[in-house]
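A.B. asks: Each residue of the sequence shown is one higher than the one before, starting from 4 at the first, in this note's numbering.
One should not assume that every hint holds.
[Said to hold, decoys possible] So the derived label-pair ranges between C-beta atoms look like this:
| # | residue 1 | residue 2 | range |
| --- | --- | --- | --- |
| 1 | Tyr135 | Asp111 | 24 to 30 angstroms |
| 2 | Lys50 | Val140 | 29 to 35 angstroms |
| 3 | Ser99 | Gln141 | 16 to 22 angstroms |
| 4 | Ala134 | Arg22 | 35 to 41 angstroms |
| 5 | Asp94 | Leu61 | 26 to 32 angstroms |
| 6 | Ala26 | Phe138 | 45 to 51 angstroms |
| 7 | Arg108 | Arg160 | 16 to 22 angstroms |
| 8 | Gly137 | Asp111 | 16 to 22 angstroms |
| 9 | Ala153 | Lys25 | 46 to 52 angstroms |
| 10 | Arg128 | Arg160 | 39 to 45 angstroms |
| 11 | Arg80 | Ala153 | 43 to 49 angstroms |
| 12 | Thr35 | Gln105 | 37 to 43 angstroms |
| 13 | Pro92 | Glu149 | 21 to 27 angstroms |
| 14 | Ile136 | Thr35 | 36 to 42 angstroms |
Simulated from the structure, these hints should not be mistaken for lab results. Glycine included, C-beta positions come from ideal geometry on N, C-alpha and C.
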Amino acid sequence: MLPLTAPDIRSSFINASLRERKALTLPRDFETLSWDNLDYLGWRDPKVPGIGYVIVDLVEGPVGILLRQADGKTRTRPQCSWCEDVHLPNDVVFFSIKRAGQAGRNGDTVGTLACAGFECSGNVRKLPPVAYIGFDVQAARQRRIEALRARVQNFARSVRDGK
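Could you build the full structure based on these sequences and the hints that come with them?
C.D. replies: Laid out in structure tokens, this is it:
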């Protein structure tokens, strides 16, 4: 992911009001982020429980999305829709996202299951177990990284385009 500045982040949000963009708290470790190891930038707002932010690098530029964690618990442990890691060391929660533009103003939303603290970039970079003799773990890890990027980018486009 390309490095972003605080103004870049605030101006990238497509489904947040001006007031919400001004009030957002930047990630705790913003100044020391390892941008090369991020497929998207995601963080939770420590001041507002239940709110998360995701910035996705698209060809058109960065797209920021405000997410709201749904109330309640799931009966079983869900799988993250983005990293699809089956051996998660973290929780997965359901987020509700207001679509951008007129669709969002009309109340149109979309939901997704994602890692509670947006740990997906770290999860896909872990070496997978050897599946068989000759299994290329580095290639498998690279495929997981590329798949994560594609899923998150497609999600951002669906929020942006209302589809």
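A.B. asks: Take the hints in turn and mark each one as holding or not.
C.D. replies: Results of checking the hints against the structure:
Take Tyr135 and Asp111: their Cβ atoms lie about 45 angstroms apart, and the range 24 to 30 angstroms is violated. Look at Lys50 against Val140: about 40 angstroms separates their beta carbons, and that is not inside 29 to 35 angstroms. Between Ser99 and Gln141 the beta carbons are some 37 angstroms apart, a value that contradicts the proposed interval 16 to 22 angstroms. Against the hinted window of 35 to 41 angstroms, the Cβ-Cβ separation of Ala134 and Arg22 comes to about 50 angstroms, which falls outside the hint.
For Asp94 paired with Leu61, a C-beta distance near 27 angstroms keeps the hint of 26 to 32 angstroms intact. Between Ala26 and Phe138 the C-beta distance comes to about 48 angstroms, which sits within the given range of 45 to 51 angstroms. At roughly 19 angstroms, the beta carbons of Arg108 and Arg160 sit within the given window of 16 to 22 angstroms. At roughly 48 angstroms, the beta-carbon separation of Gly137 and Asp111 lies outside the given 16 to 22 angstroms, and the hint is violated.
Range check, Ala153 to Lys25: about 32 angstroms between beta-carbon atoms, so the 46 to 52 angstroms window is missed. Under the hint 39 to 45 angstroms, the C-beta atoms of Arg128 and Arg160, about 24 angstroms apart, miss the expected range. The supplied range of 43 to 49 angstroms is broken by Arg80 and Ala153, whose beta-carbon atoms lie about 24 angstroms from each other. Roughly 39 angstroms separates the CB atoms of Thr35 and Gln105, a value that falls within the hinted 37 to 43 angstroms.
Our hint of 21 to 27 angstroms for Pro92 and Glu149 holds, since their Cβ atoms are close to 22 angstroms apart. A hinted range of 36 to 42 angstroms for the beta carbons of Ile136 and Thr35 is consistent with their spacing of about 41 angstroms.
Of the hints listed earlier, those the structure fails to meet are numbers 1, 2, 3, 4, 8, 9, 10 and 11, in rising order.
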